[in-house]
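Spelled out, the chains give:
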Amino acid sequence: MVVALKKAVQLFFGLLLIQTSLFSDNNLSLQITQLSKNPQWHRILHFKNGKSEIDDTKFFFAENGKVNPKAELQASINQLISDKSDDENSTLCHYPSRSYWILEQIPTLKKKIKIPQCKALNQELKELGAKHITLILASAHINSPASAFGHTFLRIDNNPNTPLLSYAVNYAAQTAEDNGFVYAYQGLFGGYKGRYSIDPYYKKINEYSDLEQRDIWEYTLDLTQEEIDRMVLHIFEIRHFYADYFFLTENCSYNLLWLIEIAKQESGLIKQFNHKAIPIDTLRAVVSEGLVKKEFYRPSKRKEILTLSQPIQNNSIALTFAQSNEYNLSTIEGLSREEKIASLDLATALLKIKRSDGKIDKKNYLSQFLKILKSRSKLGKITKVKPIKPSSPKEGHLSAKASLSYSSEDAIKIRAKIAYHDIYDNDNGYISGGYISFFDTEAIYKNDKIYLEEIDFLNIKSYAIQDAIFKPISWQVAVGAKRIFNNELNSYLTAGAGVTLGRDNFYGFVTIAPSIYYRNIEEHSIARNIGLLYNPSKHLKLGFTASNEWFSEDREIKEIEPFITYSIDQESAINLKYEYKDLNGEQESDATLSWFWYF
Amino acid sequence: MRKLLSIVATTALLTTTSFAGANTGCGLGNQVISNQDSVLMQVFAATTNGTSGNQTFGITSGTSGCAKPAKFVSNDKANEFVAGNMDTLALDISNGQGEALTTLATLLNVSNPETFASVLQTNFDKIYTSSNVSSADVIDNIVALG
Numbered sequence: 001m002v003v004a005l006k007k008a009v010q011l012f013f014g015l016l017l018i019q020t021s022l023f024s025d026n027n028l029s030l031q032i033t034q035l036s037k038n039p040q041w042h043r044i045l046h047f048k049n050g051k052s053e054i055d056d057t058k059f060f061f062a063e064n065g066k067v068n069p070k071a072e073l074q075a076s077i078n079q080l081i082s083d084k085s086d087d088e089n090s091t092l093c094h095y096p097s098r099s100y101w102i103l104e105q106i107p108t109l110k111k112k113i114k115i116p117q118c119k120a121l122n123q124e125l126k127e128l129g130a131k132h133i134t135l136i137l138a139s140a141h142i143n144s145p146a147s148a149f150g151h152t153f154l155r156i157d158n159n160p161n162t163p164l165l166s167y168a169v170n171y172a173a174q175t176a177e178d179n180g181f182v183y184a185y186q187g188l189f190g191g192y193k194g195r196y197s198i199d200p201y202y203k204k205i206n207e208y209s210d211l212e213q214r215d216i217w218e219y220t221l222d223l224t225q226e227e228i229d230r231m232v233l234h235i236f237e238i239r240h241f242y243a244d245y246f247f248l249t250e251n252c253s254y255n256l257l258w259l260i261e262i263a264k265q266e267s268g269l270i271k272q273f274n275h276k277a278i279p280i281d282t283l284r285a286v287v288s289e290g291l292v293k294k295e296f297y298r299p300s301k302r303k304e305i306l307t308l309s310q311p312i313q314n315n316s317i318a319l320t321f322a323q324s325n326e327y328n329l330s331t332i333e334g335l336s337r338e339e340k341i342a343s344l345d346l347a348t349a350l351l352k353i354k355r356s357d358g359k360i361d362k363k364n365y366l367s368q369f370l371k372i373l374k375s376r377s378k379l380g381k382i383t384k385v386k387p388i389k390p391s392s393p394k395e396g397h398l399s400a401k402a403s404l405s406y407s408s409e410d411a412i413k414i415r416a417k418i419a420y421h422d423i424y425d426n427d428n429g430y431i432s433g434g435y436i437s438f439f440d441t442e443a444i445y446k447n448d449k450i451y452l453e454e455i456d457f458l459n460i461k462s463y464a465i466q467d468a469i470f471k472p473i474s475w476q477v478a479v480g481a482k483r484i485f486n487n488e489l490n491s492y493l494t495a496g497a498g499v500t501l502g503r504d505n506f507y508g509f510v511t512i513a514p515s516i517y518y519r520n521i522e523e524h525s526i527a528r529n530i531g532l533l534y535n536p537s538k539h540l541k542l543g544f545t546a547s548n549e550w551f552s553e554d555r556e557i558k559e560i561e562p563f564i565t566y567s568i569d570q571e572s573a574i575n576l577k578y579e580y581k582d583l584n585g586e587q588e589s590d591a592t593l594s595w596f597w598y599f
Numbered sequence: 001m002r003k004l005l006s007i008v009a010t011t012a013l014l015t016t017t018s019f020a021g022a023n024t025g026c027g028l029g030n031q032v033i034s035n036q037d038s039v040l041m042q043v044f045a046a047t048t049n050g051t052s053g054n055q056t057f058g059i060t061s062g063t064s065g066c067a068k069p070a071k072f073v074s075n076d077k078a079n080e081f082v083a084g085n086m087d088t089l090a091l092d093i094s095n096g097q098g099e100a101l102t103t104l105a106t107l108l109n110v111s112n113p114e115t116f117a118s119v120l121q122t123n124f125d126k127i128y129t130s131s132n133v134s135s136a137d138v139i140d141n142i143v144a145l146g
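Chains A and B, in that order, are what the protein sequence lines are.
Once you know that position 360 of the first sequence is 360 in my numbering, the rest is easy, because the numbers rise by one and skip nothing.
Once you know that position 134 of the second sequence is 134 in my numbering, the rest is easy, because the numbers rise by one and skip nothing.
It is possible that some hints are incorrect.
Partial list, computed: chain A residues near chain B (C-beta under 10 Å) [what the hints assert, rightly or not]:
hint : residue
1    : N159
2    : T162
3    : K203
4    : I341
5    : R355
6    : K363
7    : Y365
8    : L366
9    : L379
10   : K381
11   : K384
12   : E409
Taking lysine-lysine pairs in the DSS-like style, the calculated list, with each CA pair at most 30 Å apart, reads [what the hints assert, rightly or not]:
hint : chain 1 : residue 1 : chain 2 : residue 2
13   : A       : K394      : A       : K538
14   : B       : K68       : A       : K204
15   : A       : K374      : B       : K68
Source of the hints: derived by calculation from the structure; they are not laboratory data.
The structure displayed is predicted, hence computed values, not measured ones.
Idealized CB from N, CA, C, for every residue including glycine.
Looking at chain B on its own, in the form it has when it is part of the complex (with noise of 0.2 Å):
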């Protein structure tokens, strides 16, 4: 596994990232709900083509605010995708392939990404704890398989 994931220097270039965000959790279940819109609401943005939102721009350098892995602390990008993407990443790893899972393997770096996902499928039980896992959770125990 160590070898799976050949975390060299390399990752040490990809510090800075920003998949922060309000609606991002540390932990599973964090997805947004849907905001149910009157159906008089939905007839009018019908006509008008319209999206509303509050804008962001995204791009801060820095961190989610979730804590970081004790083991793998060099790699914030690698973090921060985790932390926005955990229910995703623990579906694709219970299926043992998905895209989340395969852009993990890219941000570690791994060589051979079918075994990775093999490997991470196999050991879901140990991956995904409990309820209450966090993203620097996830990502320990990824690195621990090794």
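Next comes chain A alone, as it looks inside the complex (with noise of 0.2 Å):
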């Protein structure tokens, strides 16, 4: 009897203990399930529609991981259960965004699990010890179309005093490419893959500000610790891994926002951009979530230069001088103190463009540079004057325009393109003089008739102020189709180049331009476009061109149009224009008023 019941009691107490270990089995798996849901579990898998943006399989445990979040869960604490190793491929060292994340949520597996040392890893987390993070943006080059877009990455900053000794964050494609036709098959279809990379930041400056003469942008952005350590984490888990990297939307820009969203749970960054992502239009988009607390700018070492020779700008001693290849001292021996260290500070950046240009070699670079450092290095301090900062580029238009018009020949006229800037945009918080447009469609309705009038697939127009010391040619590129004289559509393609003279405000151009068309028959033309353009404000752009284009067997088409913007917000802008045409005798003039809608 007494047996029975001792039977009876364990029997008892062993379904309790099962029956308590089922439940807890039940509640796991109950949690796991719900935490399958938990958006930023989705974030961690850079998971977006359905399935994750990583494309490298060792990224998951799961076998369907990649369109499985929760599977991709379970898979990853069982192998952080299972994994006993101690090195640094541990799991939870090798994997330390998910690891952090599920030990966090679930604190009972810490019992369960053998917590890696991960000396590598945690000797990275010190030296890099973030404090703050920045958001950089490169801004475009006006000559250098790779860069007409701009660049984004992060800065990580232990002491935001001494900048060049942070870390930068980047995301690039890999590639080798120096095939443009490759490149950019490859780019825009997925062919490269995309990583996450770290160096020091004082390389992205002399990449960016010294060697392609790019401003920069610092946002520095308002997180707590806690957020910039998720951030931080979650970089070096994701940095052994790869994506296929899309030039449109899984690119440099977008993939930094993943960073940001993990970091600031709550901002809804990444769901914003899902047909293109441009580093200048994700940049508004983190200001505008209000998570930048402070804007510092970094002029290009072209405007250095320009401000620095500003005291000898009219001293034909000087600026040859600086221009030489001797450098003979002498020369500027009867200059002012001020006129000589203009003098000389011009001399040692124009030597170091020639030495980055391969103009000159080491040897003679290095005895040149010494030799004028330390003639230099005689003449005491100066207070150095700062570059004008140019209107923000958070504040400019946004990238994807489209606009009604009505034109004074009743006609209603639709234009829509995916980017970028063109010359009747507004160069506030942009490079003036660099236009880019990309998929620009014209289709006009009239007489109850809606045609196309004109595509570009890409027009491209360098206007490039040549001053005193840089003398850059202004170049443009465009092909597309569109009507001429037989009033059908033509395929064409324009190449040409020219000079640019003014100020970033206001200047004019001129271009000479041959084309090709192409309709049935090949026809060729060569232009002349000459242009005037002022933009005062950030609300007002005021522009006048003119062009002569002659076709073969003597025909001629001349165009005039001045035009005038009226920019309301970032979002709008009302624009009047005129253009008289002159096709081979045969005139015309057309007024158009329209709407142009930024989004």
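Bring the two chains, given one by one in their own frames, into a single complex with the hints.
Structure below.
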């Protein structure tokens, strides 16, 4: 009886034990089901629209982890429990972002897993000492279309006063391709692998500001230490894996948004970018989420050079010295101290450019470099004038545009483009003189008929202003289809070059541009374009362009076009333009009032 | 000068760093030579918003592979920084001001950065003794100014 009772009690407790463990397993599985729906888990997996954007299979523990966050969570937990190793490849050290989150969500797991030391990871985290995160925009460079859309990356700061010691986190496609066609094709269709990388920030400054002459804008993000730590752990996990790189969507700027959103969980950044992610738009999204607390402008080397050379702008002795190859110091002996300083500083800057362009050998460079610096060191310190800060990129118009117009010929015109900035747009926040349109299409409704007027697949105009020091060539290239004489769509290709003079907000240009047209027969032309553009404020832009285009068989098109654009805000503007055309003696004119909508 | 360079034990905290990189030499004149992309390449790149290049993860703990200064072995971070910014630092020192120079002053825990900058400018010849000067020499020469 007693035995039987004992057995019964044992059985009861046994059942109870089983029950409890069953209950706890149920509980865990319930918890996993719920956690797998947590948006943060989806962010850690870069999960969007039903699948993870990471294409590296090693990123997933579950076979269907790419499409099934729950399976991936379960598999990650199993992996954490079963992995008893203690080295740098231990699950927790290799996947710190998810591991940290899982253990934070299910603290009881800590008892079940062996926590490795992760020495190398800890060492790296310590070295970074992340206290601040800064979003960096390397703006477009006027004469280098490769940079036309700008580029963004993040900076991890320990001490905000010494950014040169900070690290840059960059996302980029891996390629050494130098064939433009292959590069464009592969880039557009995910042919390259994108990865995150970390480098000292000073190297990025050398690359963008010094070498490529681009302005750098630094935006310190408003993040707590906890948020920063979350981001850094994620960087240290995701660095091991690649995602297919898509130039328009899953690109450098877009992939930074994952990092920012993992830190600031409530910011809905990723979902705003589905079809294209242009750096300047991602910056504006981050700004409008209220995540930016400070803006800092780092002028390009070119702007610094122009500023420092102001005291000797019209001094031929000084300019001759700075632009010479021998740097004969005796020639500037008679100049004032300020003029000498400007001459030497300009000489150094130009010498460095010569070196990076490969136009002077290292030995010669070094001896000249030290000679000039030595001479400079005898002249003491001067108060450095900073280049004028241009309008902030965060203030410019958004980069896609649709417009609705009514013309005096009683036609309604609809025009739309994917990107980016054209001659009618206010230059505020953009590089003045750098115009690029991508998939710009116009349809016209007239006399109860609607027809396609023009498609510009790509239209670049680079009006690079020449000054006392730099003499860049302006150029243009366009490819698309438009209507000319026969009033039918002709495919065309134009490429031209010229000169632009003036200053940032008021300049004039002349270009010569040959074209090839094709529809059934090939036709050639050559055009002379002149223009004057004035951008007096963030609201107003005025322009005047005129062109003569000569075709074979003595045919000629003359065009004159003044316009005015009034920008209301970042999303809208009104444009009024007048077009006068002379098609081989047949004249027509037309005034058009347009509403621009930027999005 | 010794007082300026109050290189105390705290700098030993900064022992590990990594301004290592294939392009970084130990002497002057190692700036990157720009890629002269073809126009076609540039035009295509314009439409595609991409950056290219090899990915690195440059937070290795260690050194640039440059010789260490004799008198100043404890401050790897300063060594690496000088090695990685030789030309910029030379320029800043000759000017008596600049971001690289300020950063060096911070790394060396200098108590009066203004005086530090001015002393270095005055002694430019003693720091940059020849065009073969290495980053280790530069630091040694700076320390020797005390």
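(message) Does A/E409 hold up as a contact with chain B if the rule is Cβ-Cβ below 10 Å?
(response) 33 Å, violated
(message) Under 10 Å is the threshold here; is the Cβ of A/Y365 close enough to any Cβ of chain B for the hint to stand?
(response) 6 Å, holds
(message) Just to be careful: measuring from the Cβ of A/L366 to every Cβ in chain B, is the smallest value less than 10 Å?
(response) 4 Å, holds
(message) Please check whether A/L379 passes as an interface residue: C-beta within 10 Å of a C-beta belonging to chain B.
(response) Check passed: Cβ of A/L379 comes within 9 Å of chain B, closer than 10 Å.
(message) Take the shortest C-beta to C-beta distance between A/R355 and chain B; is it under 10 Å?
(response) Result: holds, 6 Å to nearest chain B Cβ.
(request) Against chain B, run the beta carbon of A/K203 and see if the smallest gap drops under 10 Å. (result) Cβ of A/K203 sits 7 Å from chain B, so the hint holds.
(request) Would you settle whether the hint for A/N159 is holds or violated, based on the nearest Cβ-Cβ distance to chain B being less than 10 Å? (result) Interface hint status for A/N159: holds (7 Å vs cutoff 10 Å).
(message) Quick check on A/K363 please, does its C-beta sit within 10 Å of some C-beta on chain B?
(response) Result: holds, 8 Å to nearest chain B Cβ.
(message) Hint A/K384 vs chain B: min CB-CB distance below 10 Å?
(response) 7 Å, holds
(request) Against chain B, run the beta carbon of A/K381 and see if the smallest gap drops under 10 Å. (result) 4 Å, holds
(message) Holds or violated: A/K394 and A/K538, Cα atoms, limit 30 Å.
(response) 13 Å, holds
(request) Could you grab the alpha-carbon distance between A/K374 and B/K68 and see if it respects the 30 Å cut-off? (result) Status holds; Cα separation ~25 Å.
Hint 12 from the earlier list is the only one contradicted by this structure; the remaining hints agree with it.
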